Structure formats: C-alpha cells, structure tokens
Amino acid sequence: MSECLFCSIASGAAPGFLVAATDTAAAFLDIRPVFKGHVLVVPRTHVVTLVDLPEADIASYFGFVQKIAAAVETGLSAGGTFVAINNRVSQSVAHLHTHVVPRTKGDGLKGFFWPRTKYASDDEALSYAEKVAAVMSS
Numbered sequence: 001m002s003e004c005l006f007c008s009i010a011s012g013a014a015p016g017f018l019v020a021a022t023d024t025a026a027a028f029l030d031i032r033p034v035f036k037g038h039v040l041v042v043p044r045t046h047v048v049t050l051v052d053l054p055e056a057d058i059a060s061y062f063g064f065v066q067k068i069a070a071a072v073e074t075g076l077s078a079g080g081t082f083v084a085i086n087n088r089v090s091q092s093v094a095h096l097h098t099h100v101v102p103r104t105k106g107d108g109l110k111g112f113f114w115p116r117t118k119y120a121s122d123d124e125a126l127s128y129a130e131k132v133a134a135v136m137s138s
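If you use the working numbering, the sequence shown corresponds to residues 1 to 138, in order.
In case anyone wonders, no lab produced these hints; they're calculated from the structure. Note that this is a predicted model, so its numbers are computed, not measured. Some hints here could point you the wrong way.
Unchecked claim - Below 16 Å or equal to it, Euclidean Cα-Cα: the simulated EDC-like pairs (lysine to aspartate or glutamate) are: (1) K36 <-> E124; (2) K67 <-> D23; (3) K36 <-> E130; (4) K36 <-> D123; (5) K36 <-> E73.
Taking the hints into account, I'd like the entire structure generated from these sequences.
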C-alpha cells in the first residue's frame with residue numbers, strides 16, 4: 001500500500017531509523033518517542049489493527065516483538081519496557097504497530113499519559129537505533 005507511511009518505511013521507500021527487520025516485520029524508532037529508544041514494530045503486510053493480522057502471522061510477529069523488547073532492555077540498559085498497541089483510537093498511522101518503550105524506575109510515566117520528546121538530531125536517533133540493532137544482530 002503505497003500511501004501508508006509505515007509500509008513505506010518497512011520497504012525502505014521512506015526514511016526511518018531501522019532497528020531490525022525480518023521477512024514479515026520491521027522495527028524502527030518512533031520519531032516522537034515517549035522516551036528515547038522507543039521502537040515501533042510493524043508487520044510488512046498492510047493491516048490496520050491487531051484483529052486484521054492473519055492468525056498464521058501472530059506467532060512470528062509477536063516473537064519478533066519479544067526479541068525487540070529484550071534488545072531494547074539490553075541495548076539501552078533499561079529497567080524494563082512498556083509494550084502497547086492502539087487499535088484505531090489513538091492510532092496515528094492506520095497500520096498495526098506495537099510500541100516498545102524503554103522504562104526505568106522513576107521515569108515519570110504514569111498510566112497511559114505518554115509524554116513525548118524529540119531526538120536532538122538524526123545522529124542521536126541513529127545512536128539509539130544502533131544500540132538496539134547491535135543486540136538484534138548478535
């Protein structure tokens with residue numbers, strides 16, 4: 001689907017800070033992260049919500065999400081992660097995406113009120129992507 005931003009990033013047609021990819025999914029930095037190192041995981045096939053994801057793809061998709069969550073923790077020395085999916089409501093791009101947000105004790109995240117921040121530069125964003133990617137490729 002050419003008009004979908006996430007399809008374009010996953011295919012390499014649009015720029016993004018890619019963390020890792022498989023034949024069926026891609027992971028890249030959120031450009032408006034809750035905390036730096038916030039990764040979005042998307043299926044390469046265009047589906048809008050979790051309900052639309054074919055049952056045959058669920059295990060591979062969430063297996064990849066699980067690996068990204070572990071890589072975010074290890075690569076960013078995070079205390080844990082917050083993993084979430086919005087279906088339609090609060091879904092800024094109409095393409096299934098799973099948020100993997102690095103967490104630390106006392107980081108200020110309360111419930112579902114997500115403060116947003118920005119990377120100081122593309123170089124800073126790239127450094128976060130590389131840290132997680134290094135764990136994924138090891």
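Status of each hint after checking the structure:
Proximity of K36 to E124 is assessed by CA-CA distance (about 9 Å); at most 16 Å being required, the pair is judged to hold. Proximity of K67 to D23 is assessed by CA-CA distance (about 15 Å); at most 16 Å being required, the pair is judged to hold. The straight-line distance between the Cα atoms of K36 and E130 is roughly 12 Å, inside the 16 Å bound, and the hint therefore holds. With a CA separation close to 13 Å, the supplied pair K36 and D123 stays within the 16 Å bound.
A threshold of 16 Å between alpha carbons decides the hint, and for K36 with E73 the separation of about 12 Å falls inside it, so the pair holds.
In terms of the numbered hints stated before, the structure departs from none.
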